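Just need the whole structure built from these sequences, with the hints factored in.
Next come the chains, spelled out residue by residue.
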Amino acid sequence: MSNKRVVTATINEETAEFLCEPRQTLLEVLRDSLNLTGTKEGCSNGNCGACTVIMNGHAVVSCLVLGVEAEGAEIQTIEGVSCDGSLNEVQSAFLEGAALQCGICTPGFIMQTEALLAEKSNPTEDDIRFYLAGNLCRCTGYDKIVRAVMAAAEQRQVTTG
Amino acid sequence: MHAFDYKSPEVLAEALQQLADSDGSAKPLAGGTDLIDQMRTGRHQPTLVIDIKKVAELNVLECAGDGLHVGAATPCYRICGDDNVQQDYTALADACNIIGGVQIQSRASVGGNLCNSGPAGDSIPAMIALRGICVIAGSAGTREVPVAEFCTGPGQNVLADNELLVEIRFPPRPTASGSHYRRMIPRNEMDIAVVGVGASVTLNEAGTTITDACIGLGAVGPTPLLAARAGECLVGQTVSDATLANAVEAAKEIISPITDMRGTQEYRVHVTGVLVRRVLETAISRATGDPCVVRPGH
Amino acid sequence: MSTAEKPSYKVIGTRPIRHDGVDKVTGRALYGADIKLSRMLYGATVRSPHAHAKIVRIDTSQAELMPGVRAVITSEDVPEQGDRVVELGEGAVNMRHLAANVMAREKVLYKGHVVAAVAADDVHTAEEACARIEVEYETLPPVLDLLKAMSADAPILNDDIRTESIGSAPSGSDQQTNVAKHFMFEKGDIKQGFADADIIVERTFDTAMVHQGYIEPHNATAHWNADDKITVWMSTQGTFSARQQTAELLLMPVSSVKVVPMEIGGGFGGKISVYLTPLAALLSKKTGRPVKILMSRTEVFEATGPTPGSHMRVKLGAKSDGTLVAGEAWIAFEAGAYTGSPIGAACMCVFACYDLPNGQVEGFDVCVNKPRTNAYRAPGSTHVAMATETLVDELCEKLKMDPTEFRIKNAAGEGTRRVDGPVYPRIGMVETVEAIRDSEHYKTTLDGKFCGRGVASGFWFNVGLKSSVSATVNSDGTVALVEGSTDIGGTRTSIAMQLAETLGIAAEDVNPVVVDTDSIGYTDITGGSRVTFSTGIAAINAAISIQEQMCQRAAILWETDAENVRYEEGHLVGPSDQRLSFRELAEKLRELGDAVVGYGTSGSETQGGAFGTHCVDVEIDPELGKVQILRYTIAQDAGTAIHPSYVEGQMQGGVVQGIGWALNEEYWYDEQGEMHNPTFLDYRIPTCYDVPMIDTIIVEVPDPQHPYGVRGVGEVPICPPPAAIANAIYDALGIRMTELPMAPHRVLAAYLGRNTDD
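Chains as they are written, first to last, in our numbering: chain A, 1 to 161; chain B, 1 to 298; chain C, 1 to 758.
I should point out that these hints are in silico values taken from the structure, not numbers from a laboratory. Here the structure is a predicted model, which means the values were calculated and not measured.
No more than 25 Å apart at the CA atoms, straight line, and that leaves these computed lysine to any residue pairs for SDA-like:
# : chain 1 : residue 1 : chain 2 : residue 2
1 : A       : 4         : C       : 35
2 : B       : 27        : C       : 124
3 : C       : 148       : B       : 261
Facing chain C, according to a computed beta carbon distance under 8 Å, are these residues of chain A, among others:
#  : residue
4  : 42
5  : 44
6  : 47
7  : 48
8  : 78
9  : 91
10 : 98
11 : 101
12 : 105
13 : 136
14 : 138
15 : 139
16 : 142
17 : 143
Note that the Cβ used here is the ideal one computed from N, Cα and C, for glycine as well.
Shown next, in the form of structure tokens:
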């Protein structure tokens, strides 16, 4: 009783067309149909943020979006945050600041940080902690993550003037 | 997840027709932050999911002479980011700012929060306090139900199978009024309210006497509650600790909390008292013009 | 901070970028769930809705008829184990229990216990098929309370369990029981010790079952080939342990199983046991196709290996001058469905921070209808630190002694004999307390009406065990380092740095890779805070071997004997002062004989133990009972910090896990044994908005058993936080919290019910 349909979306600035059943989440589609496995699954009910992607300019947990809802949407995943093959400021800050241990939450944190910096270019520590509260990390104790976000914000302000 | 069909109408009449045609086996989808998880766990197994986000009437966010209109599918981030809401319907902004995390707020709607009808839904006590009215459309036309009467039990509400919540309308705010929503959660974010309290207060011109008050309570009964007597007992009273204490006692009288993994019954009764007082204090301060910036969770 | 003159290192103590970092910030790193193989099937499991029941009947026929379903298995497909006990890396395991935990045989012993599994073309079909499998149960009364489970009339979970006596415990009876183990350790004369004490404090403590809470759920993909070779792709803390468990469970030789380690999304002790791997393998055997199974978050909570809830009674006695003279502890741990809680470690850790002349410790491993417990970061030590460190604080209060002064006076040191027997080599307990005493944090006065400060210390053994590495010199002067230790938190880099230091080359010139069980020598689990220590030693040994081979190759070049060539700081130096850098010689290796490959192993070394002391400031809302962490400082002996950033990271991460355990985390069961909070919404691990920055002080008291003085750092930071926070709550409100978690409702109840006469 397959009721698959064709969905067309812009994913990481490229048009993507995929077949999907209504019951498939965007997370499942990204990972299984499009092989974009950088988006991680941690809980499947919106509580851990590991599957965070940016959809139409807003951070969402892709486990709580249906794939069919992506019709016509613009979606950015971890694979699309840096298009020229190098690392962007946020990725560099996480890497240089040792802001990851096991790394499973890292793509979600980076996407959420992208959303934060798009909204607020110079966030305070409290802003960062509030904005990232939907992303769980069990390894780092968050200290180095928060510092990396601060460093990324600073660096981005330097590079974008 | 079970298999289902998906439709995304762009016109209200079309959505209503699809609902009517499905004999109760359809579920409307707005932000999906409750529904998709509930379908994953098997709690809901609709054969049709009707994505109502593209219907214009369900996406309004307008503040006009007749008050505030919030489309049922309007996501939280738009609501708490709206200047009018922040300024005049602050309790609603307070609530929308703490429903889930930022990612949830990108999608979740207050209409969905209402239709999910959880006793602890954060936006509901705020909307009760602001005297929200649910505008419900069905094949037989439109009817209005106060937010305070919308939920009828855990996960249950007044909507018939062929009805759709279109918007929540809030009356214009009088001058010298203020409102606040606050909840007790064990963490500072990403939690379900152990107790949630919304309150709206209007003062006289001198700012000394309460001329109107409305209090909503969450997570202390099978549905969110309007603490009617608690609000009424404040009217005509001067602002004082004793006045607020009366409201606290009146609020505690109507609650029937349970013990669960989020808190004990005894604790919830106690916290209801603490939060009613604190929320009223903040609402009163806001009515006097002090914005009272609150740090969620603290 | 350094406590001794530190050798000058070139690589150790620096902060190079981790080798696997780019893959992890770009999403390219492949974790267990990311694997996709040709013709792969997807598995799902049927799990018990009951905590305790007999399985009467399983009917899989409806599921098997579904289109897209390729195989169904039940316990009939899992080989019978009989009575065998096998050493599996982190302790001996009863194979019948391990097999029954993977797939329930006659009884289910906890909600979520697997009773059947399905492989299908997609995961949705597999789940639908699971829903069509009918299982008839005869429910039995669930045994959920630890003390009730110990009573003679309690319903019995496992009919083959008799109490095993360990240490000086009296031998057990032949009766069926839920008490699987009884430990007893004694030292000195406890009666005399308490008789000599001027002050005695005693309290009873309870802690709830908690979970490691790694963000990546368990996963396994297996392919059973036609030649009976089984390949497994999974995230695991130990490929060789996973290989052995899988082989033993399937009654196959270990050599028939190859475990390919994928990146692992956190473990903390919880990814040592296998759960899905044998099921995926058996489904693959039936279908001839690879099968992938992923756990849901709820399955992870309900049916993996959390750490036990506990009931403890601890008593301490001290002289009026502050000398500890006696300690007594009675500790019972929930083993979960089958024996195996870390009660033994708890008994050894309970007084491990102190030089205690007279002590007695008794411990019990008790089966209850909850998931079979497993290791969680310093297993057992956090529980007992909550008890002992609370009582130490109480002694300090009664003695009017500063908590750091008391700890320094009584700290265990080199030569101290622990109650369970071992004598410490050089350790750094005192130094960690001194570091807190001298910290900016401790020296700053804490103001605020409902604010309080607490101090607590903790201990973890750290283990050695076996590791293997091989290292090949490339012609461009870099080294390819091959290792078997799965990397959870940056150990590729800490191992590579030790190889680089020994060879006198840059950390960036080492390329570490973690490989499968067919491609490297035996390596024990990533656990016990052992990898940087033990795999580090293996890497150093490999580097020494490379040094020797490079000297031989230089000798060929310089037409001299190898003994005339010296290896100095990354250079080969000949008898006539000829000098070549490592890289220069590497470029010439093609003409200089055999390939240069160093092998290194470790296994005989044991670690000296890790200590930490923490200081925390809290503020409490006295009307809500909610505790906010204002400031936190951790001082820990790292021996020698190889990569300080990742040492700090372990310390900070351990502290925040400890904060979660202290304040909010717990398995919330109803009377039927159903966990009501198996989601990250209601199982409340800390978010970044719940904690402040965690200040770290790395104390370095080198462990003489490691060439560079490394001590493992991963586990001990989780031990002190609950006690430190409990002591801070006492300082703020005057109430002693003796139950974990110290959730708002408990703190408020204790505060409102406090004895206000004090």
